[in-house]
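Modelling step: build the complete structure from the supplied sequences, incorporating the hints.
Chains as they are written, first to last, in the working numbering: chain A, 337 to 672; chain B, 337 to 672.
The hints are simulated quantities; they were obtained by calculation from the structure and are not laboratory data. Please note that a few of the clues may not be correct.
Just so you know, same-sequence chains aren't split out, so a pair can sit in one copy or run between any two.
Pairs of lysine to any residue residues, derived as SDA-like cross-links and limited to a Cα-Cα distance of at most 20 Å, are as follows [said to hold, decoys possible]:
1. K582 x A449
2. K582 x G448
3. K572 x P610
4. K582 x Q345
5. K389 x G470
6. K582 x G506
7. K572 x E654
8. K389 x Q345
9. K572 x E648
10. K389 x D612
Protein chains: 2
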Amino acid sequence: MTVVLDSLQQGRQTVQPAIREALDRLDPTSRSIAYYHFGWTDLDGNPTSGGGKAIRPALALLSAEAAGAPPSVGLPGAVAVELVHNFSLLHDDLMDGDTERRHRPTVWSVRGAASAILTGDALLSLAQEVLLDGDGPCAIAAARLLAEATNELIRGQVLDVAFERRNGVGLDECLDMAAGKTGALLSASAAIGAVLAGAPRATIDGLAGFGADLGLAFQLVDDVLGIWGEPAVTGKPVYSDLRARKKSLPVTYSITHGGAIGRELAAWLAAGEPPDEAGIRHAAELVDQAGGRRWALDEAHRRMAAGRRKLEDAEVGERVREELLSLARFIVTREA
Amino acid sequence: MTVVLDSLQQGRQTVQPAIREALDRLDPTSRSIAYYHFGWTDLDGNPTSGGGKAIRPALALLSAEAAGAPPSVGLPGAVAVELVHNFSLLHDDLMDGDTERRHRPTVWSVRGAASAILTGDALLSLAQEVLLDGDGPCAIAAARLLAEATNELIRGQVLDVAFERRNGVGLDECLDMAAGKTGALLSASAAIGAVLAGAPRATIDGLAGFGADLGLAFQLVDDVLGIWGEPAVTGKPVYSDLRARKKSLPVTYSITHGGAIGRELAAWLAAGEPPDEAGIRHAAELVDQAGGRRWALDEAHRRMAAGRRKLEDAEVGERVREELLSLARFIVTREA
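Below, the structure is given as structure tokens:
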């Protein structure tokens, strides 16, 4: 675990100043909202300690190392993927109506929809600018990788919104949605450092494949935490995703593979009236009984194993591979 | 006028298929919403005739010609600027609560906020992808130009939102806001073809300067149409911007330069209760009496003259210069 925390902490320490430098290009309003969103200041602009896990930047720096380059080569990529991630959080929180993120009120809930939209837009555009500051074919390849990942991420979010509105979502569709929404950017994060380092195709593809698997594992664990996560740790209410009747991966598995229990769960999800506490608790039991929780955690481990094999095939050096795998283990064993 | 319509029509004819091709990369939902937004289909996906003026793509194609290249060299730029423009329309309509655009219901008003946000996001990301398909230093320079213009555009929109909420907005601030919101992307449109053609710095700067002036002229005329435009032509209600108590350029001029009449107008704008028809009509008269309408139209012509000088200094060939100036004349004499 120490190794993991090291690479995450190193990521934060190296990348945070670079993100701040990038944010200096924004207008003062967007910048101060971004600072609040990142957890660096309170609503009045006073410094606070906080911030996300910064998994994506850590991956991007390790990705450069995986290609034999110093981590600094991956730095523009690390900044860019974290900016794109936070663009998507700002817009998603608004679309999902989520009022809390990282134990604090979300931007739209305290500053209004326009602030969340515009600050998100600014971060997305800034991400490209950061990569395009670099010159030459590696910078353009990295910018292209990020633009493609962003389109995939948006495609995933479009599916997520659509699934909220319809019944009968299949498990494959749900996995495809997660591959877009979460897998694409983690895949790009794991590959972008190697792209910036001019690594051979096989290395880049191996890292991208590892990141995509990691992304699925991440989402599977996230969905389990969205139901059974400890509120004090996650900062979300108990059974949060069921409260919102979210068709997450464990729920979809239980519905499609859970026989009679699955049908009972499907009927509860499709009901019109607002769910009551007893109903929510019962729904969580149904997901569990139908095997959704077990499947999600097993599937997360299967994805991790697949990702590990891709790293091995790509002949990533042992030290970096171990750090990437520690990060992956941290992701599937985390509690928030 | 014929020349103008030719270059606009040529722009539409060349660029529309290329935009369609770019949109093919999007997920089907975002693509069909984009088709509706562009005016190509109705809500059920049936083809319709319609679409915007496509001023920005026409500029981008002429920009390549200004650098001595065939218009096709500017095509990726033409597609990209139109995508960024439409990203901003999708988000702005939502933030401003506008229910009509180009005589049709806006996307957010018929498909919901999430659709407008996500389709806008997708177009922004796609714009960068289109440019990054090209290789080499010109493509990266064009992508950088577009990312910078997008940040400026967002900065302008942030100011616009902020101005709505406060009184005492100065004319310089208002012009700065318009330079960001409208000037930046028109400037990039006028320069991006030359950038893609690898033109010398002086040509690029001259075209960018012309585009920035054109942008201000465009916004000044837009603001006049926003008050006195013919509803049947603009597709907006009479006195539309005053109805929304918008601190547009003519209004801000009248308040800051209109003495006692300006103070009466400022008091009306600051009032809390919803404006009634008589009040709105009276406010329009005040803007007129205080010289705001006259100033805006004169200033638009001054900006155009400044832009023309920049084109002359940049030694853009006569035929292309005349086409660019015809486009500029169309912009300041248009009725919608």
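Hints, one by one, checked against the model:
1. K582 x A449: between (22 Å within a copy, 19 Å between copies)
2. K582 x G448: between (24 Å within a copy, 19 Å between copies)
3. K572 x P610: within (19 Å within a copy, 40 Å between copies)
4. K582 x Q345: neither (32 Å within a copy, 47 Å between copies)
5. K389 x G470: Classified as neither: same-chain Cα gap 26 Å, cross-chain 35 Å, threshold 20 Å.
6. K582 x G506: Within one copy, since 14 Å is at most 20 Å while 48 Å is not.
7. K572 x E654: neither (38 Å within a copy, 65 Å between copies)
8. K389 x Q345: Answer is within: at 9 Å inside a copy they meet the 20 Å cutoff, but 51 Å across does not.
9. K572 x E648: neither (37 Å within a copy, 62 Å between copies)
10. K389 x D612: For K389 and D612, the Cα distance exceeds 20 Å both inside one copy (33 Å) and across copies (52 Å).
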